[in-house]
Amino acid sequence: MPVRLSDRIGVGIAYVAGTILIVAVAVIMLWLIVQGLGTISWDFLTGEPAPGTLEQGVSGGILPAIVGTFLVVAFGMAVAFPLGLGVAIFLTEYRQPAWLAKGTDTAIDLIFGVPSIVFALFGLAIFSQGWLSFISNPVGDTGMATAQSFFCSSLMMALIGLPPVVRSSQAAILGVPDQQREAAYALGKGRLTTIRRIVVPGARPGIATGIVLGVGRIAGDTAIVWILLGGAVLQAPPDGWYLPWNLMDFLRSEGSTLTTYIFFSSPAGEGNSPGPAYGAAFVLMVVILIVNIALIRLSRRKIGKR
Amino acid sequence: MDPNDDQQRLDERAKRQEWRHALDRSADLRAAGDPTDPTAVAATPPPPPAAPAPDPLAAVEPAPFGAAAAVPAPPAPAAEPDPVALAQPLAQPAHVADPADLVLAARGLRVAFSGNEILHGVDLDAPRGGVLALVGPSGCGKTTLLRSINRLTELAPTATIGGQILFDGADVYAGGTDLNLLRRRVGMVFQQPNPFPMTIFDNVAFAIREQAKRRPSRGELMPQVADVLQRAGLWDEVKDNLDRNALSLSGGQQQRLCIARTLAANPEVILMDEPCSALDPRSTARIEELIVQLAGSLTIVIVTHNLAQAKRIADYAAYLLNGDLIEQGIAQQVFEDPANQSTRDFVAGMFG
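These protein sequences, in sequence, are chains Z and V. Each residue of the first sequence is one higher than the last, beginning at 1 in my numbering. Each residue of the second sequence is one higher than the last, beginning at 1 in my numbering.
Derived from the structure by calculation, the hints contain no laboratory data. Check before you lean on any hint, since a few could be wrong.
Said to hold, decoys possible - Derived list of chain V stretches under chain Z, where covered just means 3 residues or more per stretch with a C-beta under 8 Å from a C-beta of chain Z:
#1 129-137
#2 196-205
What the hints assert, rightly or not - Simulated crosslink set (SDA-like; lysine to any residue; CA at most 25 Å straight-line):
#3 Z:102 with V:219
#4 Z:102 with V:178
#5 Z:102 with V:218
#6 V:239 with Z:177
#7 Z:302 with V:159
#8 Z:302 with V:163
#9 Z:302 with V:341
#10 Z:302 with V:247
#11 Z:302 with V:113
#12 Z:102 with V:216
#13 Z:102 with V:113
#14 Z:102 with V:159
#15 Z:302 with V:155
#16 V:239 with Z:102
#17 Z:302 with V:217
#18 Z:302 with V:219
#19 Z:302 with V:244
#20 Z:302 with V:156
#21 Z:102 with V:222
#22 Z:302 with V:112
Ideal Cβ positions, reconstructed from N, Cα and C, are used throughout, including at glycine.
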């Protein structure tokens, strides 16, 4: 313990802050486990929502919601990751022309700050145009599109998944020591080779953190799903949706994710069945945790044999 | 204290003194203009004549020794005769008669960062083969001069560079210079050992691999990797551990790995920026030994803060002060009988 009073106060504040955080997280997780674990069963995880979703205890399973979350995350990150890494490399290694770098910087900050429902609304306006009906479905013969599909929501999800990827990767790339860049240049390696073989591998852990944050943001988003994927809980995906020749149709159709399932079945939604809501919340938390741990593990490079 | 350690240190010192003496001998011979001494060929580059050549016509005459065969001839540059050298024949340094013996030359090199000029028009001559030491007090611009040769200076966006650096007679700052080729032909070893966070093998292989369509396999690269590790004196220590993380090596081993990596690009010149300043005395001795060995087949330009080191290893020396090149020539002469008062004070250890 430090001797000076001001130091003691500082350390005290740090202790209190840390403790509050730990307690808050522990309470939330315990609450989820206590409330949700009872609902979790094999049937719950692999079943489809029953027609009786409105009644507690007979609400069926959440498989379509799990599949939906998986699809939205996968497609969203498939766009956000390469784009985000590219933007991060541009912002750190090139920064030319300066106006473009500045503009990109500001744009990333804006996207980070704007709530996703704003993007969802914007997406609705864009994707409902008739000529874009190939990524959702036409609405009768109105010349409009439903704007509700896995494609539409994933595209907007890519937008909200982008900033964490950019910012984390940027910080990680800046953390790669200049001596390593210079060493590569001094060996007669070009800029692109240096970036590909030295800078990006060196920044891998930070880039993985960016992906984790992006995945968390996308998996946790409700507004975009509600507006651009459909506001109803999908009863069951069509048979054989995963078969290649059915997949396009499926991806152009409405769906649901864990977040909308939670909202729908919670007392705030139509379902009034908190049990399944907690169960789904628990599953969502576990899924994100697993993704986090897996990505961080994978990103850690073991160089050679010890 | 392990007696073997002591013995080893004694051995190393004896070895060092041995090549020190060899150097002295060859320097003496050089001064005497004797080209026939075999030690001079083995330990040092072809000795240039000590006599000045004020007559520009002297440049046309062939060099008077056959010792040049000891140095592998670099590919002849396709460049036209250097206009600066022709325009200023009197700028010929006292210790080199034939401009073809210069592998590197700076002509009126000015470097500034954010308008603050670090080098005020430097004319440097690096004869082919041997060790050229750049010495001077800190902040005198020797590192900037070194980094301008392989064009690393311009990585700093605030840098402005004027004048010429002639490498094999061609200005490296001329338009159309292949930067990557230049940096392979003029390699660099840095102050802080900076191996990549890869395996030992990959560190060297990275330098060898070209952007070919097909990446060469490990088996194809192995002979080359082994060869440069041997030349860098690291092979015996790492041959069973090529797949270990390079960062797990000691500082001295890391620096020798960096030298091996540089050798892998097959350079004609190696620039060294205080390569021993982060190392302990024993590692320093090994690197110095290595430098002298390598200088038999290529040119080494070394920046050093350590005057004693410069005296131990240098064949030629250039003394810089506050961004001006004060004096250059054969090391022994610069260190023992300098023409300039400032140089005399510096080599006497009065400042710096």
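- Message: Does residue 113 of chain V sit within 25 Å of residue 102 of chain Z, going by the straight-line distance between their CA atoms?
- Response: The hint holds at about 24 Å.
- Is the hinted pair residue 102 of chain Z and residue 218 of chain V satisfied, with a Cα-Cα distance of at most 25 Å? Outside the cut-off at roughly 44 Å; violated.
- Message: With the threshold set at 25 Å, check whether the alpha-carbon distance from residue 302 of chain Z to residue 159 of chain V stays at or below it.
- Response: violated, 38 Å
- Message: Hinted pair, alpha-carbon criterion (25 Å max): residue 239 of chain V, residue 177 of chain Z. Please report holds or violated.
- Response: Distance of about 28 Å is beyond 25 Å: violated.
- Task: Compare the distance between the alpha carbons of residue 302 of chain Z and residue 217 of chain V with 25 Å, and conclude whether the hinted pair is satisfied.
- Result: At roughly 21 Å apart (the allowed maximum being 25 Å), residue 217 of chain V and residue 302 of chain Z satisfy the hint.
- Between residue 102 of chain Z and residue 222 of chain V, does the CA-CA distance stay at or below 25 Å? violated, 46 Å
- Message: Please verify whether residue 302 of chain Z and residue 113 of chain V have alpha carbons no more than 25 Å apart.
- Response: The hint is violated at about 40 Å.
- Item | Whether chain Z covers the region 196-205 of chain V (at least 3 residues having a Cβ closer than 8 Å to its Cβ atoms) | It holds, with 5 qualifying residues against the three required.
- Query: Can the restraint linking residue 302 of chain Z and residue 341 of chain V be considered satisfied, given a maximum Cα separation of 25 Å?
  - Reply: violated, 56 Å
- Item | Hinted pair residue 302 of chain Z and residue 112 of chain V, Cα distance within 25 Å | Not satisfied, since the Cα-Cα distance of roughly 42 Å exceeds 25 Å.
- Task: With a cut-off of 25 Å on the C-alpha distance, tell me whether residue 102 of chain Z and residue 219 of chain V pass.
- Result: violated, 47 Å
- Query: Does the alpha-carbon distance linking residue 302 of chain Z and residue 244 of chain V stay inside the 25 Å limit?
  - Reply: holds, 10 Å
Against the hints set out earlier in the document, violations occur for numbers 1, 3, 4, 5, 6, 7, 8, 9, 11, 12, 15, 16, 20, 21, 22.
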